[in-house]
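Q: Listed below, chain by chain, are the residues.
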Amino acid sequence: MPDDFQGPMIRVVDLVTHYGDRRVLDHVDLEVQSGETMVIVGGSGTGKSTLLRHIIRLDIPSSGHVYIKGDDICHMPLERFNLLRRKMGMLFQSAALFNSMTVEDNVALPLRELTQLEDSTIRIMTRIKLGLVGLSGFDNYLPAQLSGGMKKRAGLARALAMDPEILLFDEPSAGLDPITAAGIDELILKLKQAFHMTIVVVTHEMASAAVIADRITVMHEGRVIAVGTPAEIRASPHPRVQQFLNRTPDQETRDGQAYVQTLTQAPS
Amino acid sequence: MSGILAFLGRYTLGLVSYVGGLASLSRKVIHWTFVAPFQGQSLKWRSALHQMVLVGVNSVPIVGLISLFMGIVLALQGAYQLQKLGAGYYVTALVGVSMTRELGPLITAIVVAGRSGSAFAAELGTMKVSEEIDALEVMGLNSVRYLVVPKYLALLVMMPCLTVFSDAAGILGGGAFTMYQLEHTFAMFLTATRDALVMRDISTGLIKSLVFGLVITTVGCYEGFSVKGGAEGVGKSATSSVVVSIFLIILADVIFTAIFYYTG
Chain R
1 MPDDFQGPMI
11 RVVDLVTHYG
21 DRRVLDHVDL
31 EVQSGETMVI
41 VGGSGTGKST
51 LLRHIIRLDI
61 PSSGHVYIKG
71 DDICHMPLER
81 FNLLRRKMGM
91 LFQSAALFNS
101 MTVEDNVALP
111 LRELTQLEDS
121 TIRIMTRIKL
131 GLVGLSGFDN
141 YLPAQLSGGM
151 KKRAGLARAL
161 AMDPEILLFD
171 EPSAGLDPIT
181 AAGIDELILK
191 LKQAFHMTIV
201 VVTHEMASAA
211 VIADRITVMH
221 EGRVIAVGTP
231 AEIRASPHPR
241 VQQFLNRTPD
251 QETRDGQAYV
261 QTLTQAPS
Chain D
1 MSGILAFLGR
11 YTLGLVSYVG
21 GLASLSRKVI
31 HWTFVAPFQG
41 QSLKWRSALH
51 QMVLVGVNSV
61 PIVGLISLFM
71 GIVLALQGAY
81 QLQKLGAGYY
91 VTALVGVSMT
101 RELGPLITAI
111 VVAGRSGSAF
121 AAELGTMKVS
131 EEIDALEVMG
141 LNSVRYLVVP
151 KYLALLVMMP
161 CLTVFSDAAG
171 ILGGGAFTMY
181 QLEHTFAMFL
191 TATRDALVMR
201 DISTGLIKSL
211 VFGLVITTVG
221 CYEGFSVKGG
231 AEGVGKSATS
241 SVVVSIFLII
251 LADVIFTAIF
261 YYTG
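From first to last, the protein sequence lines are chains R and D.
Just so you know, the first sequence maps onto residues 1 to 268 in our numbering.
Just so you know, the second sequence maps onto residues 1 to 264 in our numbering.
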């Protein structure tokens, strides 16, 4: 893994994936440059979280490629990808803290398992990460004792434990009140400025996207329908993009004949 | 007609993929337990020890009690038949052989499947739902190594221990009946038991218990990993882990008993 790698950090090419018979991602292309914050927005069920899962190989695509620093991660042996994965961190929607462990043990877990560091060093590094996300002093709390926003911060501290170059966020503000959500946005901005990380955020909050994004990708029904800076996205003529920006609900098409048919039709 | 065929086809495919999933998980568990430690991927003994307390030590009272009762029942049923032939002395032998060869391992397995197999499914299922298993994978930590192998190790150690305990409790239960009802002395009971049992009775039972342990771990954990949806999915998996474990335990029992019969 050369550290002077020049091309895009993350490159997704022609990605197609299915859940059962349903096509979730439909020929998706995406490029994220080094140090860039890319925000993927779209409604529920548009495949944006699925795309994120493919970037860190939690799902394997039906066809297409995902390149991290130029390496095709879908077709490399798992052992090799696990080495690459150490340079990637992910914050899950539910924070995904291990409920049986304290906050400190959660953050320390990757360091204990993947490095040969002394326990005292690990303890110090853990404290630094917790301080970074504003959770100093919560070392010995169990996840169940934390609020939603604090769980996300702890999950972020764990994602940061191995000093990743790439950080992925799945719905960082989901389930949080606007003030806490803004706090998380602030934290993402801080990380971006301090560590020059490559960040991919999946969200449906346009307000949050506008604050943190260098570029925004808009997804609809498994396809990428627009890519650009926040200003370019706002100016996009695409009706779906405008509908998303303006929070316009889908028009219900009520064709009387067809409606009666759907009611009387025997289930297939 | 085509509907029935389609149903049968789908059902068969589902069954094949389920069995395939179990086989694949068993293979991984055995690899991470017996092969990987020699390649520098150490076992998680701390976690295994914790599991041993949960599945082993905490099961002792219930396994002991059920086995004791089972021994009494066996002695009652045996005495009913054997006394007609004037062979009341052999009740002790009957209880001893039945417990060690068959009922000790079986009762232990059924209790552990009910207590711990379902707990495995619920624990892993909850972790699956709350994305904790994904989080492990994202860190590059293998979920089978971290979550399943400690449980398997625990059962590997604890199933034989519990089985020996169950054997003893059952034999004592039977002995209590013979001493009370048939007026055998304690010395008679001991002699009768020692004469009736050979090492092979106990060892075949212990071999079975190891197989049952693998079945319980694999089914419980596989059900946990395949949880879909929220709390309801966890409940369903916990239930079906018990049903499937008990079915497979009995199936393995038939196979191994047959093997021991024809090779003995």
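No lab work stands behind these hints: they were computed from the structure.
Misleading hints may appear alongside valid ones.
Stated by the list, open to error - Going by beta-carbon spacing under 10 angstroms, a handful of chain R positions derived as facing chain D:
id : residue
1  : R57
2  : M76
3  : P77
4  : L78
5  : G89
6  : S94
7  : L114
8  : L117
9  : E118
10 : I122
11 : M162
12 : L189
13 : K190
14 : K192
Since the structure is predicted, the reported quantities are computational estimates derived from the model, not experimental observations.
All C-beta atoms in this analysis are idealised placements derived from N, C-alpha and C, irrespective of residue type, glycine included.
Q: Determine for every hint whether it applies to the structure shown.
A: Hints, one by one, checked against the model:
1. R57: holds (8 angstroms)
2. M76: violated (13 angstroms)
3. P77: Status violated, d = 13 angstroms.
4. L78: holds (9 angstroms)
5. G89: With Cβ-Cβ at 8 angstroms, under 10 angstroms, it holds.
6. S94: Hint holds; S94/R Cβ to chain D Cβ min 5 angstroms, cut 10 angstroms.
7. L114: Status holds, d = 7 angstroms.
8. L117: Because about 15 angstroms separates L117/R from the closest Cβ in chain D, which is outside the 10 angstroms limit, the hint is violated.
9. E118: violated (18 angstroms)
10. I122: violated (14 angstroms)
11. M162: holds (8 angstroms)
12. L189: violated (23 angstroms)
13. K190: violated (22 angstroms)
14. K192: violated (20 angstroms)
Hint compliance for this structure: hints 2, 3, 8, 9, 10, 12, 13, 14 are not met, and every other hint is.
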